[in-house]
Amino acid sequence: MLLIALLFIPLAFSLITYLSGDRYAKYVALAGGAAAFVACNLLKAPFIAGALAPLTYAHNWISNPVIQFSLSLDGLSFMLVALTSFLVPLIIFTTYGKAIDNAKAFYALILLMEFGLLGVFLADDGFLFYIFWELALIPIFFIALLWGENQDKDFRNRAIFKFFVYTLAGSLFMLVGFIYLYQQSGSFSTAALYALNLSPKEQGFLFWAFFLAFAIKIPVFPFHTWQPDTYKEAPTAGTMLLAGIMLKMGLYGLLRWLLPVLPEGVMLWTPLVIVLATIGVIYGSVIAIKQDDLKKLLAYSSFAHVGLITAGIFTLTREGFQGAAVQMFAHGFNVVGLFFAAEIILRRTGTLSISQLGGIRNVAPKFAACFVIVVLASVALPTTNAFIGEFLLLFGVYEYNTWLAVIAGLTIILGAVYMLRMYQNVMLGETNALTAGFADLNWQEMLVFILIIIGIFQVGLYPKQLMDMMQPSLDFILNNSLK
Amino acid sequence: MKTLVYTSTLGLVCMLAEMFSLRKFILPIAVTGLLVIFGLNASNWGENQAFFHNMVVIDNFSVAFSGLLLLLGVFILVLSGNFYKNEESKISDYLAITIFTLCGALAMVSFGNMAMFFLGLEVLSISLYVLAGSKRKDVRSNEAAMKYFLMGSFASGVLLFGIALIYGETGSFDIQGITNYAANSTPSLLYYIGAGMILIALLFKVSAAPFHFWAPDVYEGSPTLTTATMATIAKISAFAAFYRLFSSSLGSAMPAYAWVLSGVTALTIIVGNFSALNQDSFKRMLAFSGISHAGYMLLAIVSVYGKTDNALFFYSLAYAVASIAAFAIAIVVAANVGSEKFDAFNGLGKRKPLLAMALTIAMLSMAGIPPFAGFFGKYYIFSEAVRAGHLGLVILAVVNSIVGVYYYFKVIIAMYTKDSSEVSLTIKPAYSVVIVVCILITILAGVFPSMFANLL
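For the record, the sequence lines run as chains A and B.
Throughout the first sequence, residue numbering follows the working numbering, covering 1 to 483 in sequence.
Throughout the second sequence, residue numbering follows the working numbering, covering 484 to 939 in sequence.
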């Protein structure tokens, strides 16, 4: 029952937020996000104790085709649910320092999106998964389209629309894939789909129906062309939702709905996917080095990181899976922290152009300290969360192929190059006219950073709790993927 | 049977009302009448009956489609109250003709005999020729009526020719008789030519490519409410008749035309979608998108060997309510701004957020995005087609659905991101009611599709 409550709290609060009017919307929305977080914490106990069996709920929804409203919460889902229910209120809170037009619609859409995201991570029925998958897309489309800050409206419309069509196109192929699977199995449940025996040829085709949807969402090279412009044009809260949570939908989809369902199809295409993912890692890093726009740099850096996660998943090794899962969690925190830093810079100086900034550390030491911690976490410094993730991922890739691991390992060096150089140009040196009056963090902004930094070190210093929690479900998926 | 008789009577009452100067009450009477008939129709559920030597056959298929058509008739009547307010003296004629259109449509979903089918089609078409030209002083409306009449009567001629050939071969107009003949003997070439001609006439009526050339001009030139009638009532009844004919009697001729029909389906989907892309008029865009919807619905006809009536019904329902909502909003906007182009919708999101939200939902549903009814409509049709082995056609349809998103989102983007021309909009309560009901059905059928998905 609590599971249902967790899922529907954001939906209910989305309505209440819309009805509460522009003035109170942000408080109601934060309360809604916090309520979902509380519900999530109440569900925590069995996973901390290392329970094997998922929490489930099932109710008949549609009789033809047989679609169950069935939810399942295991360790892996719980990690993502926890990430979502923690980050959404945090993201809502990051917008407090800014006046937002039509606030009631903005916050209502954020909560509606949380509903879609939680549904994706909880669904145990393929069709339900698909519906939530699409449902999460509509709010973020409007958030990005209507509250983007760039003045060039036509460019923004085109960029956001490209994102929408791109992701929708991918998911429609997934729908055809699900229809095909349903014709074979008569059910959309994970149990039935995992038990299917399809010929290798069918699996080879179906692989692409699903992989396209996930690869576009993640994004994997060469399906990433929507990403940098969308991240740049969306309001920062929207970018945080996209990068912090939404792309995990694609990674989660790989783990839950692709690898165990089509193991032979995966076998067939694994070499290609790993090579593409590795190309993405290097390509994203190299392009990030050349960026002058802070948000675009972060977008390419995020693209490089998720490329490594994808490669780790497709190694089909225990370490690759562990690393991917930990890194999904870590990346959520780090990317939100980075984009928040970019947002603060944008709010105070009005620009994101790295070459125009400089010397902020001289006038805003607290901001500089927080920012450097998040930057170091994202370049995977030991003791931070991303170190655990990237180490395991590279270990997994190494087990698959030594040379690929060497190439993918360059990401750590290249990451350090562009992140530290960005930090140097933005924060160090002499102040200029733009940055001389840079005000240091206020308590609200400080609070956001403190929460993120706690998350960074908690996972960095003591990853065992998180990993133990996810291990049973990862093993289950791995066993099904290797049958 | 009752349904058809009472609806015709209601049409006559509307004509006579003028004589007894009941003009003011005529609209409420007509709407109440149709709602009562809707109830009577529903009471026929689960009965299989035939009347007048099999002329009219009542089964669940006909009851379901009659119910949908009656509902659409109610919507259109409610909208017509304001739509014709400048021509008050003729309101009874408009209403009567609209109800006669409905009579024709009802006959087309419950016929048991070729003669009845032809009669229904003609009653429907002739009423629509008149309605299309009902803006007498508008050249476009006259052009639309003329074009529709010429092309439509040509198609009727082809249909009649086909029926005659079938009669010559089988010696029967009766659907059951034709079915029996085809089952017990090997039909000659005449039979196949006859079936092919009937096929062509029906493809013309549902505006499938390459028989679609009349549709955009007729849709654009006709008064918007008539366009809505053509896009919903006429199209759905033609598809129901299509299914009824080719799932039973003429089904034996289907294998000969399977390739042709698959090709027509593919062409219709492609032509509809790609032509809709470059329109700058909302109404014309809806006309072309209607062609593409006809293509998706043809998938149910191509896969007729499975039992695809349910999928067809669900798709019709989803498409019709979203269309009615879109046309109603287009009428409201056109009445206030004076244009039917996409620009007319600029800034609607700020001026009338709820109206904009309603149009957004209608467009999302037409584009097939969950959780709205149109998504399940597409889902059911696509899965029937996959089951029937038309995987290639389904993939083509999916790719085209993505193209569809482009033009449906044109209006959404105009509403929310373009600046408004600051004209205040007024919405008549009748319009609000119809729009709200349509949107509610769109959401309900999307969230609880089982309500409608297992009817047949």
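Hints are computed from structural coordinates only; laboratory data are not their basis.
Built from N, CA and C at the ideal position, the CB exists for glycine as well.
Mixed in with the good hints, there may be bad ones.
Stated by the list, open to error - Cut-off 30 Å, straight-line C-alpha distance, at most; resulting in silico cross-link-like pairs (DSBU-like, lysine-lysine):
id, chain 1, residue 1, chain 2, residue 2
1, A, Lys98, A, Lys162
2, A, Lys153, B, Lys901
3, B, Lys824, A, Lys153
4, B, Lys901, A, Lys201
5, B, Lys824, B, Lys568
6, B, Lys833, A, Lys26
7, A, Lys296, B, Lys893
8, A, Lys153, A, Lys290
What the hints assert, rightly or not - Not everything, but these chain B residues come out facing chain A in the computed CB check (under 8 Å):
id, residue
9, Met502
10, Arg506
11, Tyr740
12, Ala741
13, Trp742
14, Ile852
15, Leu879
16, Asn883
17, Ile885
18, Ile896
19, Tyr899
20, Pro932
21, Ala936
22, Leu938
Said to hold, decoys possible - Calculated Cβ distances over 12 Å to all of chain B for the following chain A residues:
id, residue
23, Leu42
24, Asp154
25, Leu272
26, Leu447
27, Lys464
Against the structure, the hints come out as follows:
A threshold of 30 Å between alpha carbons decides the hint, and for Lys98(A) with Lys162(A) the separation of about 27 Å falls inside it, so the pair holds. A hinted pair counts as satisfied when its Cα atoms are at most 30 Å apart, and Lys153(A) with Lys901(B) qualifies at roughly 9 Å. Pair hint Lys824(B) plus Lys153(A) holds up; C-alpha atoms about 20 Å apart against a cutoff of 30 Å. Distance check on the hinted pair: Lys901(B) and Lys201(A) sit about 49 Å apart at the alpha-carbon level, beyond 30 Å; violated.
For the proposed pair Lys824(B) and Lys568(B), the alpha carbon gap of about 23 Å is at most 30 Å, so the pair holds. For the given pair, Lys833(B) sits about 20 Å from Lys26(A) by alpha-carbon distance, which is consistent with the 30 Å threshold. Annotation: proposed proximity of Lys296(A) to Lys893(B) holds, straight-line Cα distance about 27 Å (limit 30 Å). Only pairs whose Cα atoms come within 30 Å are accepted, and Lys153(A) paired with Lys290(A) is accepted, the gap being roughly 25 Å.
Against a cut-off of 8 Å between C-beta atoms, the interface hint on Met502(B) is violated, since the closest Cβ of chain A lies about 51 Å away. The closest approach between the C-beta of Arg506(B) and any C-beta of chain A is roughly 42 Å, which is over the 8 Å cut-off, so the hint fails. Hint on Tyr740(B) is violated. Least Cβ distance to chain A is approximately 25 Å, over the 8 Å limit. Evaluation of the Ala741(B) hint against chain A yields a violated restraint, the C-beta minimum of about 20 Å exceeding 8 Å.
At about 22 Å, the closest approach between the beta carbon of Trp742(B) and any beta carbon in chain A exceeds 8 Å, and the interface hint on this residue is violated. A hinted interface residue such as Ile852(B) counts as satisfied when its beta carbon comes closer than 8 Å to some beta carbon of chain A; here the least separation is about 6 Å, so the hint holds. For Leu879(B), the shortest C-beta to C-beta distance to chain A is roughly 11 Å, which exceeds 8 Å, and the interface hint is violated. Hint status for Asn883(B) relative to chain A: violated, with the closest Cβ pair at about 10 Å, above 8 Å.
Restraint check, Ile885(B) versus chain A: the minimum CB separation of about 5 Å is within 8 Å; hint holds. Satisfaction of the interface hint for Ile896(B) is found here, the shortest Cβ-Cβ separation to chain A being roughly 6 Å, below the 8 Å cut-off. For Tyr899(B), the interface hint holds, since its Cβ comes within 8 Å of a Cβ in chain A; the closest pair sits about 6 Å apart. Contact between Pro932(B) and chain A, as hinted, is supported at the beta carbon level, the nearest pair being about 6 Å apart and thus within 8 Å.
Restraint check, Ala936(B) versus chain A: the minimum CB separation of about 5 Å is within 8 Å; hint holds. At about 10 Å, the closest approach between the beta carbon of Leu938(B) and any beta carbon in chain A exceeds 8 Å, and the interface hint on this residue is violated. Consistency note on Leu42(A): stated as away from chain B, and its beta-carbon is indeed over 12 Å from all of that chain's, at 27 Å minimum. At the 12 Å boundary, the C-beta of Asp154(A) falls inside the reach of chain B, the nearest C-beta of that chain being 9 Å off.
Leu272(A), annotated as away from the interface, keeps every beta carbon of chain B farther than 12 Å; the closest lies near 21 Å. For Leu447(A), the requirement that its beta carbon stay farther than 12 Å from each beta carbon of chain B is met, with the minimum near 33 Å. Against chain B, the non-interface label of Lys464(A) holds: every CB pair exceeds 12 Å, the least being about 40 Å.
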